[in-house]
Amino acid sequence: MGDWLIVFKVNHKNFPNSELFTIYLGSQIENVAFLRLLQGGYKVFVGKYDEKEIDFVCFKGQKVKYIQVCERLPKDSDREIDNLLLARDNYERLVVTMNTLDVGVRRGIEVMHIHDFLLTEDDNL
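Just so you know, the sequence shown maps onto residues -18 to 106 in my numbering.
Hints may be right or wrong, so weigh each one.
[As the list claims (entries may be wrong)] Here are the simulated DSSO-like pairs of lysine-lysine, each with C-alpha atoms no more than 27 Å apart in a straight line: (1) Lys41 <-> Lys56; (2) Lys33 <-> Lys46; (3) Lys56 <-> Lys44; (4) Lys56 <-> Lys33; (5) Lys29 <-> Lys56; (6) Lys29 <-> Lys44; (7) Lys24 <-> Lys56; (8) Lys24 <-> Lys41; (9) Lys29 <-> Lys46; (10) Lys29 <-> Lys41; (11) Lys46 <-> Lys24.
Just so you know, the hints here were simulated from the structure itself, not pulled from any lab data.
Could you build all of it, start to finish, from the sequences and the hints given here?
Okay, structure coming up:
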């Protein structure tokens, strides 16, 4: 398909009180992160590249962020990180996780615990 990144607008109906909302923890974490981004003033979209997906492509003024949200980063898979590396620009990339042991930097991408993400000031989000 080339070097295209397709971005879809997030449909608010796919979140709480929707038939598509699931009870899986990963989906709940995504929902919380999505709401926090909206609260922080971001316009939030989903990025798609071939069969790969970036959970959130976020825009606030001139600021752009790519964010993956997961319950934990599997030891045997770099899927979350690899998806973020698909975007070939220098915008900020972040993984938000529930697992405190995953926190740090992987392949140049910050991995942040969900609690820290939620408590980040809007200006630093």
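Hint by hint, here is what the structure shows:
{"no.": "1", "hint": "Lys41 <-> Lys56", "result": "violated, 33 Å"}
{"no.": "2", "hint": "Lys33 <-> Lys46", "result": "holds, 17 Å"}
{"no.": "3", "hint": "Lys56 <-> Lys44", "result": "violated, 31 Å"}
{"no.": "4", "hint": "Lys56 <-> Lys33", "result": "holds, 19 Å"}
{"no.": "5", "hint": "Lys29 <-> Lys56", "result": "holds, 24 Å"}
{"no.": "6", "hint": "Lys29 <-> Lys44", "result": "holds, 19 Å"}
{"no.": "7", "hint": "Lys24 <-> Lys56", "result": "violated, 32 Å"}
{"no.": "8", "hint": "Lys24 <-> Lys41", "result": "holds, 6 Å"}
{"no.": "9", "hint": "Lys29 <-> Lys46", "result": "holds, 15 Å"}
{"no.": "10", "hint": "Lys29 <-> Lys41", "result": "holds, 20 Å"}
{"no.": "11", "hint": "Lys46 <-> Lys24", "result": "holds, 10 Å"}
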